[in-house]
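Novice: Chains as they are written, first to last, in the working numbering: chain A, 24 to 222; chain B, 469 to 822.
Simulated from the structure, these hints should not be mistaken for lab results.
Heads up, the beta-carbon is just placed ideally off N, CA and C, and yes, glycines get one too.
Treat the hints with care, as some may be off.
Stretch-level coverage of chain B by chain A, calculated; a stretch enters the list once three of its residues show a Cβ under 8 Å from a Cβ in chain A [unchecked claim]:
1) 516 to 522
2) 584 to 590
3) 727 to 738
Below 30 Å or equal to it, Euclidean Cα-Cα: the simulated DSSO-like pairs (lysine-lysine) are [what the hints assert, rightly or not]:
4) B:Lys-565 to A:Lys-25
5) B:Lys-495 to B:Lys-619
6) B:Lys-476 to A:Lys-25
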Amino acid sequence: MKRLWQNTYARLGISFLVLVMLIFTLALPAIMVRSLGDEVILEAEAFASNRNIDGSLVYYNLAIENVSLSAVDAEIIARYEAQQAEFEGFGPLFRLEDTPLYLHLTLDEQGRVTDTRLSLSPPSQGVFLRADSHILNYDYRASEDTPPLIGIDLDFGLPPFNSSINFVNENDLTFEPQAVLIQARIWRGRIQVTDITRP
Amino acid sequence: MKQKISRKEYHFLESALKENVERGLIKDTQRKDMLAYYEPSQGLDFIRVLVTIGSLLIGLGILLVIAGNWSAIPALGQLTVLLFFIAASMGVSFMLKNSRPITSQAFLYLATLVYGATLFLVNQGFNFNIATNTLFFVWALGALLLASLQKDLLLFLGAHILALLYVLNSFDDFIFPQLLLLIVIFFAGNYYFNYRKVATFASLGLMTVFVVYTLDYLRVSPPLISLVVLGIGAALTHVPHQLNRDTFRLVGLINLGVAAFTLTFPDIWQNLGFIDRGEWFSLPFSILFVMYSLVLVSKRYVVPLITVSAFIMRYYFDTFFDFLPRAAFFIVGGIIILGLGYAIERFRKGGELV
Numbered sequence: 024m025k026r027l028w029q030n031t032y033a034r035l036g037i038s039f040l041v042l043v044m045l046i047f048t049l050a051l052p053a054i055m056v057r058s059l060g061d062e063v064i065l066e067a068e069a070f071a072s073n074r075n076i077d078g079s080l081v082y083y084n085l086a087i088e089n090v091s092l093s094a095v096d097a098e099i100i101a102r103y104e105a106q107q108a109e110f111e112g113f114g115p116l117f118r119l120e121d122t123p124l125y126l127h128l129t130l131d132e133q134g135r136v137t138d139t140r141l142s143l144s145p146p147s148q149g150v151f152l153r154a155d156s157h158i159l160n161y162d163y164r165a166s167e168d169t170p171p172l173i174g175i176d177l178d179f180g181l182p183p184f185n186s187s188i189n190f191v192n193e194n195d196l197t198f199e200p201q202a203v204l205i206q207a208r209i210w211r212g213r214i215q216v217t218d219i220t221r222p
Numbered sequence: 469m470k471q472k473i474s475r476k477e478y479h480f481l482e483s484a485l486k487e488n489v490e491r492g493l494i495k496d497t498q499r500k501d502m503l504a505y506y507e508p509s510q511g512l513d514f515i516r517v518l519v520t521i522g523s524l525l526i527g528l529g530i531l532l533v534i535a536g537n538w539s540a541i542p543a544l545g546q547l548t549v550l551l552f553f554i555a556a557s558m559g560v561s562f563m564l565k566n567s568r569p570i571t572s573q574a575f576l577y578l579a580t581l582v583y584g585a586t587l588f589l590v591n592q593g594f595n596f597n598i599a600t601n602t603l604f605f606v607w608a609l610g611a612l613l614l615a616s617l618q619k620d621l622l623l624f625l626g627a628h629i630l631a632l633l634y635v636l637n638s639f640d641d642f643i644f645p646q647l648l649l650l651i652v653i654f655f656a657g658n659y660y661f662n663y664r665k666v667a668t669f670a671s672l673g674l675m676t677v678f679v680v681y682t683l684d685y686l687r688v689s690p691p692l693i694s695l696v697v698l699g700i701g702a703a704l705t706h707v708p709h710q711l712n713r714d715t716f717r718l719v720g721l722i723n724l725g726v727a728a729f730t731l732t733f734p735d736i737w738q739n740l741g742f743i744d745r746g747e748w749f750s751l752p753f754s755i756l757f758v759m760y761s762l763v764l765v766s767k768r769y770v771v772p773l774i775t776v777s778a779f780i781m782r783y784y785f786d787t788f789f790d791f792l793p794r795a796a797f798f799i800v801g802g803i804i805i806l807g808l809g810y811a812i813e814r815f816r817k818g819g820e821l822v
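Just chain A, same shape as in the assembly:
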């Protein structure tokens, strides 16, 4: 091995191969998702996509609007309300910067989401979706007849490259309230989105 390393061309070749291998290690998680994962389908009631000025996609934005307040950890509500107090009059739209939120998902046998819960930490068991950027819409119209609901916009990065869906209007930032199906796979308890389609 030492003699091989002393040969200039062998050293060059080995180094290049190692660099290529290092680049390919980036693909490992994705490959493992495909080989280990079970398919999951999330249903979103609203959907948005952000674009750069040149038209390239920045991220998809999934809004889940059917999480009841009882399924949200009290600490999250307390933080949002504290933030609301600071920006009184700004409206019921808040963002906890640099605070990842974890959407715990309970799935049925077909991989459909049957229950959701939002917390500040990942679940010890089960699958979850981590959102590094998010907006919470607090519904003030809640009364005894209509239980309080919150909408959570979760940004989860760039879409899968084979996705053909496009919800963009003329403006750069759009929000199209329509249903989409998010196809995802589970890997080590975390959900990775693999495709986004119309139902």
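With the hints as your guide, set chain B onto chain A.
Specialist: Relative to the frame of chain A, chain B by itself:
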């Protein structure tokens, strides 16, 4: 091992010895023997700077072309183009190694740059969702490999910066296996580079950041982290050994200064549950540390003098910013800074310093 001296010193020595040969004071073989103990260091020369900037510009241009047309290139084509540029840069670097060493180095830097950009573009283009910190880690590994190829010290130092970016982006993440790997590689690298002072400096600085990361991950209180760094600084400064003693002392003094500066703030002490009034600790600590620094200054160490200057400015700003009229505040502040600068400069010229 040959002693590195500046080109100017080397040329002076060379001509002085030559003159002495001509005068008949020494023989030519003696001149060669004496000269064999020294070699000129590779300082920053114009050509080196020029070709390095050139390589960086080429790299940047390639990346902009690829990034701008990324979606138009088929998936396999994207990877092929990027790998081709890495291979080409490495190949040219190897080919020019003996005939054009400086240009060869520039192509090696280009290969490192294109490799790093490849990581980011592949991650983005193939939607791998790999975190940025991990990309810096993989980039650092590649840079270390390329540095070892041609024993390039500058690239080895660059790998330190990438590793630093990795750690700074990984606070709260579990990265101990990766850190262990980096520590082993950097120690081996120091051996490989014959314990060059600048490499030792960079590695020791990085190890300090590793320690801070570890303590932060273990949720150690900020004042305790500062105290640990203070302890490390004291150990690096005072523990006697034979390996690059000056460099260890320099890193130690910097650690001491930075850690002590953070401990001058009362708020940091109040993170310890049993302390209600931080100033009861920060003020005595500052006084004691200044006294300790003055002892070090008396041993002709310049870093403690800079630390003391920083302390003076910190207390000046803290105390007088609200009291003095703005104009007076800035004029007095300026005079103090000028005075400290003059003192440090005068002190620095006084002899050998650390």
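Novice: Hints first: check each against the structure and report whether it holds.
Specialist: Verification of the hints:
1. Counting residues of the segment 516 to 522 of chain B whose beta carbon lies closer than 8 Å to any beta carbon of chain A gives 0, which falls below the threshold of three, so the coverage claim is violated.
2. For a cut-off of 8 Å, the count of residues in the segment 584 to 590 of chain B with a CB near a CB of chain A stands at 3, and the three-residue condition holds.
3. Counting residues of the segment 727 to 738 of chain B whose beta-carbon sits less than 8 Å from any beta-carbon of chain A gives 0, not enough to reach three: the coverage restraint is violated.
4. In summary, the hint linking Lys-565 (chain B) to Lys-25 (chain A) is supported, as the alpha carbons are separated by about 21 Å, within the 30 Å threshold.
5. Between Lys-495 (chain B) and Lys-619 (chain B), the direct Cα distance comes to roughly 36 Å. Violation of the 30 Å bound is thereby established for this hinted pair.
6. For the given pair, Lys-476 (chain B) sits about 38 Å from Lys-25 (chain A) by alpha-carbon distance, which is inconsistent with the 30 Å threshold.
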